[in-house]
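Novice: Let the hints inform the model, and build the full structure from the sequences given.
The primary structure of each chain is shown beneath.
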Amino acid sequence: MREPGPLSIDSIVVRVDRTMDAEVDDEIVALNLDTGASYGLNPVGARIWKLIGKPTRVADMCTGLIAEYDVEPATCERQVLELLGKLQAESLLEVITALPTSGH
Amino acid sequence: MADLGMPRTRMNYSAFGLHIASELELPEFVPSRDAHAALPDVVIEYQKCEGLRRELSAAPLRFDEDDAVLTIEKVARYRVRGGRFISVEPYDGATARNIRLFLLGSAFGILCHQRGLLPLHATAIVVNGGAVAFAGHSGVGKSTLAAHFLTRGFDVLCDDICVTSFGADGRPLAWPGPPHLKLWRDSAERLGHDCDKLQRIMDELDKYRVPRAAMACAGPFPLTRVYNLTDLDADALADIGCLSGSVAVQAIMANTYRKKYLQPMGLAGANLLHAVSVARHARIFAAPRRRGIDLLQAESTRLENHVTNG
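In the order they appear, the protein sequences are chains A and B.
Each residue of the first sequence is one higher than the one before, counting from 1 in our numbering.
Each residue of the second sequence is one higher than the one before, counting from 1 in our numbering.
The hints are simulated quantities; they were obtained by calculation from the structure and are not laboratory data.
Each hint should be verified, as a subset may be incorrect.
[To be verified] Over the 10 Å line for every Cβ pair with chain B, so calculated as not near, a few chain A residues: (1) 14; (2) 50; (3) 94.
[To be verified] 30 Å max Cα-Cα, derived DSSO-like pairs, lysine-lysine: (4) 260/B - 48/B; (5) 260/B - 86/A; (6) 50/A - 86/A; (7) 74/B - 50/A; (8) 260/B - 207/B; (9) 74/B - 259/B; (10) 207/B - 197/B; (11) 259/B - 50/A; (12) 86/A - 259/B.
[Unchecked claim] Interface residues of chain B toward chain A, partial, derived using beta-carbon atoms under 10 Å: (13) 246; (14) 247; (15) 249; (16) 259; (17) 268; (18) 269; (19) 275; (20) 280.
All C-beta atoms, glycine included, are put in the ideal place defined by N, C-alpha and C.
Specialist: Written as structure tokens, this is what we have:
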């Protein structure tokens with residue numbers, strides 16, 4: 001079921017179909033083919049971009065990143081949501097469903 | 001409008017490595033020496049841009065795969081097809097100069113995109129067998145900078161549009177453009193020219209087509225550096241800095257000539273790949289420039305020092 005929803009830790013997000021990306025060193029430039037807008041991603045952002053190639057729950061992504069980058073959970077969550085919010089604003093990702101906290 | 005009965009005379013020109021056969025006289029371009037060469041790369045003709053109703057073409061740009069129509073009010077409609085054909089339909093009363101301005105600017109930019117070339121919005125010089133490009137928005141001072149390098153003994157490769165092709169290994173090559181600079185009156189006069197003897201680039205502007213001598217070596221040249229020129233307040237301080245990664249790539253994309261045409265033409269993805277190739281093979285720099293006529297010499301010298309020593 002696809003419905004736009006607010007971005008939260010329980011959201012399932014995925015890259016929009018009509019995007020393209022290119023790697024340069026360990027960074028990525030993501031491109032929205034429909035608007036022509038591009039977005040530069042540093043190495044951590046590039047990692048996240050690759051993770052959302054298929055539908056991914058934000059909470060699950062954070063769990064992996066916390067282990068990988070040895071970062072505080074609250075910080076990770078905040079920074080991930082901030083980046084995902086920017087990608088959403090650029091129409092580079094979409095929220096597929098927003099799940100209630102209690103269920104799944 | 002002439003009928004299409006008799007074949008009309010075409011003049012042959014050479015620019016950016018392309019052989020151009022044109023019904024319109026193009027004094028900006030160098031006449032081609034090999035008039036009997038094989039098929040021209042580009043053909044420019046007068047023609048009604050058929051198949052379009054005026055009402056539909058209210059939008060200035062219409063694109064359909066490899067077929068683009070650009071309408072410039074009071075000047076002309078240009079149809080650019082397959083990276084090889086440009087048809088020009090002038091409005092009544094449009095001057096030849098204004099028709100050529102948009103033909104050799106926006107329409108030519110579309111042609112480059114259709115040919116898979118990367119036109120940078122840049123002026124380039126030759127340094128140690130490579131092309132060094134100075135890119136930036138209109139008015140940032142690219143041509144004025146080129147005039148400075150001319151007085152310092154450098155060859156200028158191209159002005160305002162730097163046409164780049166890519167070899168099999170992705171290496172960017174910059175091609176020689178028409179042998180003139182587009183300068184405002186004061187810059188032209190600083191080079192010792194009498195503007196009353198020069199052609200204006202556009203009827204209403206005090207900007208002139210200033211000839212420059214042909215280069216010793218014809219080129220093309222590998223693109224080795226791109227400086228992204230940006231404006232800075234006169235009292236600010238900022239060094240020339242190296243760009244890398246996604247920032248470098250985006251600087252090239254931002255300085256693509258007529259980049260607003262890319263997405264409607266379905267070429268945004270190709271542009272990203274071109275930009276990555278440039279960032280891989282050339283050094284990219286951020287070059288903030290302080291504005292002000294009294295700072296012009298100092299800023300040009302600062303950049304020249306970086307080009308030769310940095």
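Novice: Does the alpha-carbon distance linking residue 74/B and residue 50/A stay inside the 30 Å limit?
Specialist: 49 Å, violated
Novice: Against chain A, with CB atoms and a cut of 10 Å, does the hint on residue 280/B hold up?
Specialist: This hint holds: residue 280/B lies near chain A, its Cβ roughly 7 Å from the closest one there, short of 10 Å.
Novice: Was the hint right that residue 268/B lines chain A, CB cutoff 10 Å?
Specialist: 4 Å, holds
Novice: Given the hinted pair residue 259/B and residue 50/A, is their Cα-Cα distance within 30 Å?
Specialist: 27 Å, holds
Novice: Compare the distance between the alpha carbons of residue 260/B and residue 86/A with 30 Å, and conclude whether the hinted pair is satisfied.
Specialist: Distance ~22 Å between residue 260/B and residue 86/A Cα, so the pair holds.
Novice: Is residue 260/B within 30 Å of residue 48/B, Cα to Cα?
Specialist: 25 Å, holds
Novice: Sort out whether residue 207/B lies within 30 Å of residue 260/B, counting only the CA atoms.
Specialist: 25 Å, holds
Novice: Given a cut of 10 Å on the nearest C-beta pair, is the interface hint for residue 247/B held or broken against chain A?
Specialist: At 6 Å from the nearest chain A Cβ, residue 247/B passes the 10 Å test, so the hint holds.
Novice: The hint names residue 246/B as touching chain A; please verify it with the least Cβ-Cβ distance against 10 Å.
Specialist: For residue 246/B, the interface hint holds, since the closest Cβ of chain A sits about 3 Å away, which is under 10 Å.
Novice: Say whether it holds or is violated: residue 14/A keeps its Cβ farther than 10 Å from all Cβ of chain B.
Specialist: Residue 14/A is indeed farther than 10 Å from all Cβ atoms of chain B, at 19 Å.
Novice: Keeping to a limit of 30 Å between CA atoms, is the pair of residue 50/A and residue 86/A held or broken?
Specialist: Satisfied, since the Cα-Cα distance of roughly 16 Å is no more than 30 Å.
Novice: Quick one, is the residue 269/B hint okay against chain A at 10 Å, beta carbons?
Specialist: 5 Å, holds
Checked against the numbered hints given earlier, the structure breaks only hint 7 and satisfies all the rest.
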